[in-house]
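> Sequence:
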Amino acid sequence: MSTDLETIEGTETRELVHFVTQQTRFALLNNILQHPEQLPSMYELEELNPSVSEATVYKHVQKLIDAGIVEEVALADDRRRQGYPWKFYGLTEEGRAFLESHNLLAAEETLQRIYETISDKPEKMVKYENAPRPES
1 MSTDLETIEG
11 TETRELVHFV
21 TQQTRFALLN
31 NILQHPEQLP
41 SMYELEELNP
51 SVSEATVYKH
61 VQKLIDAGIV
71 EEVALADDRR
81 RQGYPWKFYG
91 LTEEGRAFLE
101 SHNLLAAEET
111 LQRIYETISD
121 KPEKMVKYEN
131 APRPES
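Position 135 (the sequence shown) corresponds to 135 in the UniProt record's numbering; numbering is contiguous.
Everything labelled a hint here was simulated from the structure, so no lab data went into it. Some clues are possibly wrong.
In silico SDA-like cross-links for lysine to any residue, where the CA-CA straight-line distance does not exceed 25 Å [said to hold, decoys possible]:
{"hint": "1", "residue 1": "K87", "residue 2": "V73"}
{"hint": "2", "residue 1": "K127", "residue 2": "N49"}
{"hint": "3", "residue 1": "K121", "residue 2": "F26"}
{"hint": "4", "residue 1": "K87", "residue 2": "Y58"}
{"hint": "5", "residue 1": "K127", "residue 2": "E12"}
{"hint": "6", "residue 1": "K63", "residue 2": "R81"}
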């Protein structure tokens, strides 16, 4: 999947840092980083952000995709299972490099440990966490 980071390089780095650290977008990036496979489904992102509407979560994920920071990754047709998600969201290589170069990945391990302690996940979320994921 091609990214748009090449077109964003003309934009001030400061503006891109501001873009990714906007509250909702930064929360979504943290959700991706803390996920056990770093590929949550849209449902998982929505569940992790209960104070944000589903439409807002979708809109901000799309903005991150458009910026080349996040990519949508689809499960191959032959691996899809009924009742499970088949679209997932993860950092692009360029997105990870950008976040790392601006020290925005420093809490990655801590986020993963915190995620492991969440004990009141809805049954559907636990099911979705265990869904087949695309190969890295």
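> Do the alpha carbons of K127 and E12 lie within 25 Å of each other, as the hint requires?
violated (41 Å)
> Need the status of pair K87, V73: alpha-carbon distance at most 25 Å?
It holds: about 6 Å lies between the C-alpha atoms, which stays within 25 Å.
> For a C-alpha distance cap of 25 Å, please report whether K63 and R81 respect it.
With Cα atoms ~28 Å apart, K63 and R81 exceed 25 Å; violated.
> K87 and Y58: Cα distance at most 25 Å?
holds (13 Å)
> Does the structure keep K121 and F26 at a Cα separation of 25 Å or less?
Roughly 21 Å between the alpha carbons, so the hint for K121 and F26 holds.
> Does N49 lie within 25 Å of K127 when you go C-alpha to C-alpha?
Status holds; Cα separation ~18 Å.
Hint compliance for this structure: hints 5, 6 are broken, all remaining hints hold.
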